[in-house]
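Kindly produce the complete structure, drawing on both the sequences and the hints.
Protein chains in written order, with the numbering used here: chain A, 1 to 317; chain B, 318 to 550.
Please note that the accuracy of each hint is not assured.
Quick partial rundown of chain A residues pointing at chain B, CB under 10 Å, derived from the structure [to be verified]:
#1 Y27
#2 L225
#3 V226
#4 D230
Listed next, with one range per pair, are the computed distances between beta-carbon atoms [unchecked claim]:
#5 B:R395 / A:R38: 27 to 33 Å
#6 A:A22 / B:R438: 17 to 23 Å
#7 A:W285 / B:A443: 50 to 56 Å
#8 A:H214 / B:R455: 27 to 33 Å
Think of the hints as simulated: they come from the structure by calculation, not from any bench. In this text, a Cβ means the ideal position worked out from N, Cα and C, and glycines have one as well.
Take a look at the letters that make up each chain.
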Amino acid sequence: MSRRAGSQSGGVPWPGGVRAWARRHAYSLLSSLGALVRHPLATLMTVVVLAITLSLPTGLYMTLDNAERISDGWERLDTVSVFLDAEIEERGAVQLASLLSTWPGIVAVDPISPQAGMAELTGRLQLDDLAGRIEANPLPWVLEVTPAGGQDVETLSGRLRGAEGVDQVVVDLQWLERLSAILALLERLAVLLGVLFAVAVAFVIGNTIRMDIHNRREEIRVLALVGATDGFVRRPFLYSGFWYGLGGGLAAWLVVELSLFVLSGPVGRLSGTYASDFTLASPPWLVVATLVLGSGILGVLGAWLAVGRHLRAIHPS
Amino acid sequence: MSGAEHMVRFEQVAKRYPGGIQALGEVSFGLARGEMVFLTGHSGAGKSTLLKLIALLERPSRGRVLFDGRNVGRISRRQIPWLRRQIGIVFQDHSLLSDRRVFDNVALPLVIAGVAYPEIRKRVRAALDKVGLLEKERMYPPMLSGGQQQRVGIARAIVAKPPLLLADEPTGNLDPELSAELMQFFVSLNELGTTVLIASHDLDLIRRLQRRVLVLKDGALADDVPARQVAAP
Numbered sequence: 001m002s003r004r005a006g007s008q009s010g011g012v013p014w015p016g017g018v019r020a021w022a023r024r025h026a027y028s029l030l031s032s033l034g035a036l037v038r039h040p041l042a043t044l045m046t047v048v049v050l051a052i053t054l055s056l057p058t059g060l061y062m063t064l065d066n067a068e069r070i071s072d073g074w075e076r077l078d079t080v081s082v083f084l085d086a087e088i089e090e091r092g093a094v095q096l097a098s099l100l101s102t103w104p105g106i107v108a109v110d111p112i113s114p115q116a117g118m119a120e121l122t123g124r125l126q127l128d129d130l131a132g133r134i135e136a137n138p139l140p141w142v143l144e145v146t147p148a149g150g151q152d153v154e155t156l157s158g159r160l161r162g163a164e165g166v167d168q169v170v171v172d173l174q175w176l177e178r179l180s181a182i183l184a185l186l187e188r189l190a191v192l193l194g195v196l197f198a199v200a201v202a203f204v205i206g207n208t209i210r211m212d213i214h215n216r217r218e219e220i221r222v223l224a225l226v227g228a229t230d231g232f233v234r235r236p237f238l239y240s241g242f243w244y245g246l247g248g249g250l251a252a253w254l255v256v257e258l259s260l261f262v263l264s265g266p267v268g269r270l271s272g273t274y275a276s277d278f279t280l281a282s283p284p285w286l287v288v289a290t291l292v293l294g295s296g297i298l299g300v301l302g303a304w305l306a307v308g309r310h311l312r313a314i315h316p317s
Numbered sequence: 318m319s320g321a322e323h324m325v326r327f328e329q330v331a332k333r334y335p336g337g338i339q340a341l342g343e344v345s346f347g348l349a350r351g352e353m354v355f356l357t358g359h360s361g362a363g364k365s366t367l368l369k370l371i372a373l374l375e376r377p378s379r380g381r382v383l384f385d386g387r388n389v390g391r392i393s394r395r396q397i398p399w400l401r402r403q404i405g406i407v408f409q410d411h412s413l414l415s416d417r418r419v420f421d422n423v424a425l426p427l428v429i430a431g432v433a434y435p436e437i438r439k440r441v442r443a444a445l446d447k448v449g450l451l452e453k454e455r456m457y458p459p460m461l462s463g464g465q466q467q468r469v470g471i472a473r474a475i476v477a478k479p480p481l482l483l484a485d486e487p488t489g490n491l492d493p494e495l496s497a498e499l500m501q502f503f504v505s506l507n508e509l510g511t512t513v514l515i516a517s518h519d520l521d522l523i524r525r526l527q528r529r530v531l532v533l534k535d536g537a538l539a540d541d542v543p544a545r546q547v548a549a550p
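Structure representation (structure tokens):
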């Protein structure tokens, strides 16, 4: 290979060409890692603070994510109450029940007699002698209809209303709507907290870098004396910020996974009592990647803020 | 060939520090390319200030300092590194990094320039060999004597082969024998083409070397003795 007459030494922005640039970067990268490794305890403390800070919004996000998955399951379990005409007796009710259970979109039909309805009502209202005080049971037969998953409940209830012998169809979705409203509120809260905590991470790292700069004042001075550019002086600190952020993000991920592991036992027992096989989901890869890289970028940002201010103080005016 | 015949030129340069202390007033002289000059004077005469103005460690209050034909006072902050890479500086206080090995301290100017590691290794060891400290390359500066640290600083100043070498009392901490040896080393550097300006008050040594001498007194140039007039002891 023939070597051309080297790179132009006059080029101020990239003196020495791309390879020299790469070498300077490699040096900054290694020296930033070296600086962190030389003070393991201080580095660890910063990373732990960042991990806890980052794990809070991530944990909240995961809680909501899991809660949404549960409530998706609930929606499918929701039933439609079909009140039959008052004159329909047991035989008619059972017939209609078996007819409806053949409809597509319906999983199960459960007939509830007026007596059973009354018993449930008295129990719920804590009026033990209600049945005694009312001469004739005014309640009609009720069919509890369980829609199939994916079935649009509104359409189904429309068709049920049209069926013969049906007086009223009641879909009680209000509590589900409330639940999803609460979840939406909490989600917004998670976003808000996420933003606040992201700012906190940038400032924690910025402050750590500020102290690093203070401790390495002499080094910065000497580097400037022997002809280092601002970029060269700045770069190790930016890398340090990135490492802090990356470490904090990874540790936060670990904290979240550990918490999920610790909670998985109790959650399993709880969902067991509801005859559900619900398990807590780990954060998806996209969330992990956003967490880790995002906090790395926040670290660079924080470091940039700290270094910019201090570099200006170093050079003679 | 560059148009400027002077490596360094001072034109009515004055430096006043904040607080009103006048370090230099109306200093004019030229330093030819390839010349070796001593700068002498009592302490506080402005020797260090004069050196600092060349490397832009300080900016002049008045007048012009030209390096290679360029007005140093006009150089923007971004271009300061370019200037400093043309100048090797030996500092009175050594200015070494105490938590870096001798090798890494000497390597700094090359690392900053982005030189490849094998080349760095070769040149750092050559520089350390010249100042007689090759066997100390793995030590840290605080483990060395003052004189040895001074020599590490010299190795760092010459490792990138700058066209101009400035030295502020380079033999301040050395015994006479070592001082003479180091001065001889500067002479040999100069003979290879480096322009050298050394601030020193070791008059015996200066006389023996028979080079041009600038004498500063109270911030003004009191005398400019050409090499042939410097009397041998």
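Can you name, in rising order, the numbers of the hints this structure does not satisfy?
-> Of the numbered hints given earlier, the structure breaks none, since each of them holds.
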